[in-house]
Amino acid sequence: MVFVKNWEDFEIAAENMYMANPQNCRYTMKYVHSKGHILLKMTDNVKCVQYKAENMPDLKKIEKITSNLVGHMASKE
Amino acid sequence: MVLLDNSSFILRLEKIANNARNDSSFTVTFKRYDGHDRPEPREGRPPLAKPSTYMCLMRAQCKSKKISTVLRQEDVPTMMAMYSQFMKSKMDGLKRVKKVKSKAKIAKG
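Protein chains in written order, with UniProt numbering: chain A, 1 to 77; chain B, 1 to 109.
None of these hints come from the bench; they were simulated from the model. Please note that the accuracy of each hint is not assured.
[Unchecked claim] Derived BS3-like pairs (lysine-lysine); straight-line CA-CA distance at most 27 Å:
#, chain 1, residue 1, chain 2, residue 2
1, B, 88, B, 99
2, A, 5, B, 31
3, A, 64, B, 99
All chains should be built: construct the whole structure from the sequences, respecting the hints.
See below:
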């Protein structure tokens, strides 16, 4: 349960984890307005990667990875 | 857990986000969904049919309030557009970073 410091590392780790086990993976985002951050978490019940976003530019990246993952989730195979 | 359709999910999510603004938080979860609402059969029984297309289950929670929706493949683009609109309007408490002027601009002005 460690936070990944680097966005690129998180993106790759999360996508790899999802690809390895799509059926059991879930992707969660938690927004805390009072603290001004978004927590992203990808887990397959065994391993877990997390990222803490605190800056505005991160929102764009989060949007991108979210729509990417949802695209993978709602697909034919 | 209330199962809603896509657009009313976003509307409810906006309400939840407004309520969570002061002193609490909310979570949104995405997961692959194969359409089965029953457990995997025990050994020796016929397994559940494999779905032809998968869907995406989207859930949101704030305190004890929970809502959910199912995204079908053809709804994904519209839903993601709505969701990114939602993120822009509700998740606005992040720190703004000042743009650093590039050296060329500084030299000019």
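Hints, verified against the model:
1. At roughly 19 Å between alpha-carbon atoms, residue 88/B and residue 99/B fall within 27 Å of each other, so this suggested pair holds.
2. With a C-alpha separation of about 24 Å, the suggested pair residue 5/A and residue 31/B falls inside the 27 Å cut-off, and the hint holds.
3. Between residue 64/A and residue 99/B the alpha-carbon distance is near 21 Å, which keeps this suggested pair within the 27 Å criterion.
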